[in-house]
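Student: Residue numbers (the numbering used here), protein chains in the order written: chain A, 1 to 458; chain B, 1 to 458.
Incorrect hints may appear among the rest.
Stated by the list, open to error - SDA-like cross-link-like pairs, simulated, lysine to any residue; straight-line CA separation at most 25 Å:
no. : chain 1 : residue 1 : chain 2 : residue 2
1   : A       : K384      : B       : G178
2   : A       : K4        : B       : T440
3   : A       : K173      : B       : E449
4   : A       : K75       : B       : K9
5   : A       : K407      : B       : Q128
6   : B       : K75       : A       : G245
7   : A       : K89       : B       : S70
8   : B       : K366      : B       : K384
9   : A       : K384      : B       : P92
10  : B       : K287      : A       : N69
11  : A       : K85       : B       : P92
12  : B       : K75       : A       : F381
13  : B       : K89       : A       : N80
14  : A       : K384      : B       : K287
15  : B       : K391      : B       : G317
These aren't lab readings, by the way, just hints derived from the structure by calculation. Predicted model only: the values in this text are computed from it and were never measured.
Protein chains: 2
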Amino acid sequence: MAQKPSIPKGTRDFSPTEVAKRNYIFSTIRQVFETFGFQPIETPSFENYGTLMGKYGEEGDRLIFKILNSGDYLKKVDENLLANKESNKITPKISEKALRYDLTVPFARYVVQHQNEIEFPFKRYQMQPVWRADRPQKGRFREFYQCDADVVGSKGLWQEIEFVQLYDEVFSKLKLRGTTIKLNNRKILAGIAEIIGAKDKLIDFTVALDKLDKIGAEGVTNEMISKGISEAAIEKVQPLFSFNGSNQEKLDQLQALLAESEEGLQGVKELRFVVDHIEVLGLQSAKLALDVTLARGLNYYTGAIYEVSAPEGVSMGSIGGGGRYDDLTGIFGLKDVSGVGISFGLDRIYLVLEELNLFDAVELPKPNVLFINFGDAEAAFCMKALAQLRKAGIKSELYPESAKMKKQLNYANRREIPFVVLVGADEVKNNNYTLKNMQTGEQQACSLEELLKITTKL
Amino acid sequence: MAQKPSIPKGTRDFSPTEVAKRNYIFSTIRQVFETFGFQPIETPSFENYGTLMGKYGEEGDRLIFKILNSGDYLKKVDENLLANKESNKITPKISEKALRYDLTVPFARYVVQHQNEIEFPFKRYQMQPVWRADRPQKGRFREFYQCDADVVGSKGLWQEIEFVQLYDEVFSKLKLRGTTIKLNNRKILAGIAEIIGAKDKLIDFTVALDKLDKIGAEGVTNEMISKGISEAAIEKVQPLFSFNGSNQEKLDQLQALLAESEEGLQGVKELRFVVDHIEVLGLQSAKLALDVTLARGLNYYTGAIYEVSAPEGVSMGSIGGGGRYDDLTGIFGLKDVSGVGISFGLDRIYLVLEELNLFDAVELPKPNVLFINFGDAEAAFCMKALAQLRKAGIKSELYPESAKMKKQLNYANRREIPFVVLVGADEVKNNNYTLKNMQTGEQQACSLEELLKITTKL
């Protein structure tokens, strides 16, 4: 009985061409990570249930894929829970493992578990899939890759500069010009909260302020008031409503605005450190832009906050992000380990490069040479040449059976194989090869040596 | 509240060194796959429940990791099933997805689903993790990688020869000398079954025969009798009890033994085709050995059967295997697509290479150069040189803060970084760098140009 094959919602198959394009992005990122001194680690696809649950908020807990225990998993579950169908309470009793939701929590777990083998500051990168039971949409999948680089064990701000350079280097290598690296600092946000006298309103405040472009100062003010932020508070941070100009000008405005907040001023100082040095060192293709509305992972980051947006005109959410977290490993019992890291969203970067036709550089996975199969005697003769070509690293293959010549040539054409080799009884007798250039149609008789020379990577 | 961190049974973290070693194996296999004309695909980590279940036998079904549905998954489950705690019957109602158990079934699903985009014969490779809820032991994990190459859409035997060459090429490149590629053919087994007149006893027969080395002819005969195989049948296949000599001698023995079985003789012919051509073409480091007790995946393979064993003296199960299956895609509704494929067991190959100290060639992931951080002014000066080094592809880093020099040098030593660059006030003034070779202890003043020249990959 035939089943109609399909794959789960939000997941994807990748064709050879897609794999090649994805690997091009992976290897670009990997190479830059390593050039910057980062080392790879890998962690298991699933972690213990307790390692992941409670680390991403209520919404995150809901979106984590749980793995059902093996065997008679219901045996020890309380009858009353089952009778009442209390799914939420039953889950931890029938599931001990869950699929990785991001790379940061497993990394924190790794650092604590292996702290005695690690040399701090520890610069690690990790490129692995993560899974979220989210509603799929453009650029959002249930299985997708994150590519993270983090440094733990140092509070030094130089690393924050290096991450700006690292983003710039990767996107420049990918020829993706015009990305914007948005930068903020949690201490700026804390300073603003101090000034408006309402720490609990900070998210409402930044969400509203972020809409300035769309709904104007009046709209933003109204939204803030509706959220319970006082007019006096809004008045105090009025400069944020006309917050523009160069990064230096923005820093000056912030310095004035946050004059009363020690933490806020510390944030300005840290941002200035990054901005000043990047101005001196320069960037290749990205733009660094201060953005006080940037608040991603507010409960998580304690210093720098990064987010990268695609070039203007490409509609895509952020293609990268990160920040500093001063006590991530604390949840696993290791205190006072400061970390800072960034992440690349592989799948979104792929979509952006595709939209902008930036995959020209990618070598598609196909052979350079196909040996046509005219029968066993001829094939046996071809196999000797094939071994030599492969030894020389030339991707090549023999058609696996002596099908009609037209069928074999069609196969070569459709796979866009540039050369075919024709060996019939004459060639075997003369110990030579007829090489056909599939683009020009030209044919020539040649020795094995000539064959090797011509078909060596174009 | 601190949790003591750990990972699920049968899974592993990989340190930078381990990742580098694993990637060395992956990239060796990938390169050979591509040289042989195979193209990569990838499939999702989880498939629909129905895609996987029922494809691997009862034992397989039990070992498949199932993913719990999201939300209130118990809502629609029958109350009586819950009251009786019928785990097995409830599973398909609370789980719609399951983790990939191997790469073959997802590949069959892929071929059927994408049949209109694929050019046949389709030569694909796939290197991805699979998951099994098996009891962990040496060389057996719950998360491990398979590296598969398959050709579908051709019955040609040349591909069976190429797979022997491919195994040999990969293991030779890995410097793993002395592997044995064991070869059998399902048709030989079918022929033996015909001769002993008991198709249903074939597995008992091969299992018993496989013990010949350990328990001798008498022991094997006794075991066969205890399994219900008649003495007359055992008498008929007596030559298998002294089945040795060269592959050619074995083929001659089989030919005589299976003279009455048409299918058996077809198997001899197919094996002979492979053996004869491999003898002419030669192998670099592996040995090809006919093995009539080889019966892996008996219900699955229809022609050639392969299994690779590690060199003698290394105790490890098979490090690879595969075979021909004439109708794999039939389960998904596409009939008459013949395929043949092989698999490499990455994790076991890793253990073998480790045991034999064959990882010398692996470049460990560490920077070539560390810039010591003496303070912000000096670090700023270093950052300019750092950018040049990285542009030249030299892995390098700045210590992220101006810690004590001894701490920074210890860091360099422990990470085995070959060069450190010392920049103090003098160097900034003179616009030069002091380069220290950490192996010899030698120090020298040098220009940026000289620095680049010396630190370029050793």
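Student: With reference to the structure, classify each hint as holding or not holding.
Tutor: We went through each hint and held it up to the structure:
{"no.": "1", "hint": "A:K384 - B:G178", "verdict": "holds, 23 Å"}
{"no.": "2", "hint": "A:K4 - B:T440", "verdict": "violated, 66 Å"}
{"no.": "3", "hint": "A:K173 - B:E449", "verdict": "holds, 24 Å"}
{"no.": "4", "hint": "A:K75 - B:K9", "verdict": "holds, 21 Å"}
{"no.": "5", "hint": "A:K407 - B:Q128", "verdict": "violated, 32 Å"}
{"no.": "6", "hint": "B:K75 - A:G245", "verdict": "violated, 56 Å"}
{"no.": "7", "hint": "A:K89 - B:S70", "verdict": "holds, 13 Å"}
{"no.": "8", "hint": "B:K366 - B:K384", "verdict": "holds, 21 Å"}
{"no.": "9", "hint": "A:K384 - B:P92", "verdict": "violated, 53 Å"}
{"no.": "10", "hint": "B:K287 - A:N69", "verdict": "violated, 43 Å"}
{"no.": "11", "hint": "A:K85 - B:P92", "verdict": "holds, 16 Å"}
{"no.": "12", "hint": "B:K75 - A:F381", "verdict": "violated, 66 Å"}
{"no.": "13", "hint": "B:K89 - A:N80", "verdict": "holds, 19 Å"}
{"no.": "14", "hint": "A:K384 - B:K287", "verdict": "holds, 19 Å"}
{"no.": "15", "hint": "B:K391 - B:G317", "verdict": "violated, 46 Å"}
Against the hints set out earlier in the document, violations occur for numbers 2, 5, 6, 9, 10, 12, 15.
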